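Asks: Now for the letters of each chain:
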Amino acid sequence: MLLANLAMEATGPVCFRNQPVPQELVLELLNHAVWAPNDGLREPWRFIFVDHRNADRMVGLQEPAPAYLIVVMKEEADRYKREEDFAAVSCLMQNLELLAPEKGLGIRRTLNEWRYDRQRAGTFGVLGNEWIAGVLELGYAEQVPGRPAADSRPELRFELL
Amino acid sequence: MSLAELIRERRSIRKFNSTPVAEELVVELLQTAVQLLPSSAGVPWRCVYAGTPESRKRLADYMLQTVSHSRLGKLIPDKMLEVFKKRFMDIPAHVVVLAGTGPDPLASERNYAAVCSILQNFQLLGWERGLGMLWDTEAMIQNEGLFQGIGMRADERFVGILHVGYYNKAPRGRKRTPAEKKWTVFQG
Chain A
1 MLLANLAMEA TGPVCFRNQP VPQELVLELL NHAVWAPNDG LREPWRFIFV DHRNADRMVG
61 LQEPAPAYLI VVMKEEADRY KREEDFAAVS CLMQNLELLA PEKGLGIRRT LNEWRYDRQR
121 AGTFGVLGNE WIAGVLELGY AEQVPGRPAA DSRPELRFEL L
Chain B
1 MSLAELIRER RSIRKFNSTP VAEELVVELL QTAVQLLPSS AGVPWRCVYA GTPESRKRLA
61 DYMLQTVSHS RLGKLIPDKM LEVFKKRFMD IPAHVVVLAG TGPDPLASER NYAAVCSILQ
121 NFQLLGWERG LGMLWDTEAM IQNEGLFQGI GMRADERFVG ILHVGYYNKA PRGRKRTPAE
181 KKWTVFQG
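Quick note, the sequences are listed as chains A and B, same order.
Taken in order, the first sequence gives residues 1 to 161; the numbers are from the UniProt record's numbering.
Taken in order, the second sequence gives residues 1 to 188; the numbers are from the UniProt record's numbering.
Keep in mind that the hints were calculated from the coordinates and are not lab data.
Model, not experiment: these values are computed from the prediction.
We put the beta carbon where it would ideally sit given N, CA and C, even for glycine.
Just so you know, not all the hints are guaranteed correct.
What the hints assert, rightly or not - Heads up, simulated DSSO-like pairs for lysine-lysine below, C-alpha to C-alpha not over 30 Å straight-line:
1) 103/A with 15/B
2) 103/A with 181/B
3) 169/B with 85/B
4) 169/B with 57/B
5) 74/A with 181/B
6) 74/A with 182/B
7) 15/B with 74/B
8) 86/B with 169/B
9) 57/B with 15/B
10) 182/B with 81/A
Claimed, not checked - So, partial list: chain B residues that the calculated Cβ filter (under 10 Å) puts toward chain A:
11) 3
12) 7
13) 26
14) 35
15) 41
16) 44
17) 75
18) 81
19) 158
20) 176
As the list claims (entries may be wrong) - Rough simulated footprint, nothing fancy, chain B against chain A, three-plus residues with beta-carbon under 8 Å:
21) 21-31
22) 45-59
Here chain A stands alone, though its shape is the one from the complex:
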């Protein structure tokens, strides 16, 4: 299927079925997603999977979901590398979001205030030299009546130099 056609498909809000997400499925998708462009092949990402047995630990931090994937990146001292790494990890998460619907998986990508709470992040195993780049709320997607794709093209600020 052409990626360009995917844009024409209806997208609704992601709702989750109350059903565990197997880690094998997430790993399978991640092994495609890691082909994101990343400078110097630093592969600056690491993954912490919080499955249904521990999903309650996210109460107050995240919306309820059957599973969570905390995507962390190593913090480079160099400011340019830091930005490149955040860009690379963002591309990886985007890859994952593109792939997920084929497997019936829904993803809500979040970046919440608690990424700055080092102690809280630490309880999930985020190290002192790492930052949370995104927390993905995961679950099998409930069939949501799709809304038709917008007729109008999205606004794009495109200026000529």
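We have chain A already, so just place chain B on it with the hints.
Replies: Leaving out everything else, chain B in the frame of chain A:
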């Protein structure tokens, strides 16, 4: 080609051929790239496009004026700067991408991540149409000359310059570390 194949087979392209790139195609792909990000509504960002020989030359001049006046730049032989400039100007199209910063650091990070995600969509959509790209974030090009030349504002953040063109040969991919090796299951 499946989506997984598209993601795995896309390469960063450093060597372009001289086939011109249609501005309309770039706009179309950028619009589709935005549509592919469900949370893209309201994300502040913009693109500055250099797709004509004149605008490419201007962009190269902006970038190089600071470089050639810097202490480090003075050590670079003029000849090398000329080669750099020519290579840059020979690339059919450049898209300079800026993200809005937002009211606080968290909002800025969110915007930046959203714009990066749009650019990944853009690269994949381009690949589907035979277009190659290089997302350039080289520290050397991120200088005042460039920022002033393109009119970057204080509430904007530089995301990169995407060099865009058709290519004759895609480089081989470099193997990725299996996700299993970067994987931890939280044990509570």
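Asks: Would you mind marking each hint as holding or not holding in the structure?
Replies: Going down the list of hints, with the structure as the test:
1. Taken as a hint, the residue 103/A and residue 15/B pair is broken in the structure, with Cα atoms around 36 Å apart against an allowance of 30 Å.
2. A C-alpha spacing of about 23 Å is found between residue 103/A and residue 181/B, which places the hinted pair at or below 30 Å, so the restraint holds.
3. Of the pairs offered as hints, the one joining residue 169/B and residue 85/B holds, with about 23 Å between alpha carbons and a cut-off of 30 Å not exceeded.
4. Between the alpha carbons of residue 169/B and residue 57/B the distance comes to roughly 26 Å, so the proposed pair stays at or under 30 Å and holds.
5. Taking the CA atoms of residue 74/A and residue 181/B, the gap is near 15 Å; set against the 30 Å cutoff, the hint holds.
6. Proximity of residue 74/A to residue 182/B is assessed by CA-CA distance (about 12 Å); at most 30 Å being required, the pair is judged to hold.
7. Distance hint between residue 15/B and residue 74/B is fulfilled; the C-alpha atoms sit about 27 Å from each other, no more than 30 Å.
8. For the proposed pair residue 86/B and residue 169/B, the alpha carbon gap of about 21 Å is at most 30 Å, so the pair holds.
9. Under the criterion of a C-alpha separation no larger than 30 Å, the hint pairing residue 57/B with residue 15/B is consistent with the structure, at around 18 Å.
10. Annotation: proposed proximity of residue 182/B to residue 81/A holds, straight-line Cα distance about 20 Å (limit 30 Å).
11. Annotation: residue 3/B was flagged as interfacial toward chain A, and the flag holds, the nearest CB pair being 6 Å apart, inside 10 Å.
12. Satisfaction of the interface hint for residue 7/B is found here, the shortest Cβ-Cβ separation to chain A being roughly 5 Å, below the 10 Å cut-off.
13. The restraint placing residue 26/B at the interface with chain A holds, with a minimum CB-CB distance near 8 Å, inside the 10 Å limit.
14. With its C-beta approaching chain A no nearer than about 4 Å, residue 35/B sits inside the 10 Å limit, and its interface hint holds.
15. With a cut of 10 Å, the hint placing residue 41/B at the interface with chain A holds, because the nearest CB-to-CB distance is about 8 Å.
16. Because the beta carbon of residue 44/B sits about 9 Å from the nearest beta carbon in chain A, less than 10 Å, this interface hint is met.
17. Interface hint at residue 75/B: violated, since its Cβ lies 20 Å from the closest Cβ of chain A, which is beyond the 10 Å cut-off.
18. Checking residue 81/B against chain A: minimum C-beta separation of about 20 Å lies over 10 Å; hint violated.
19. The beta carbon of residue 158/B comes within 9 Å of a beta carbon in chain A, closer than 10 Å, and the hint placing it at the interface holds.
20. Nearest Cβ of chain A to the Cβ of residue 176/B: about 4 Å, under the 10 Å cut. The hint holds.
21. Chain B is given as covering the region 21-31 of chain A, and this holds because 4 residues of the stretch bring a CB closer than 8 Å to a CB of that chain, at least three being needed.
22. Residue count for the region 45-59 of chain A with a Cβ under 8 Å from a Cβ of chain B: 10. That meets the three needed, and the coverage hint holds.
Violated hints for the displayed structure, listed by number in ascending order: 1, 17, 18.
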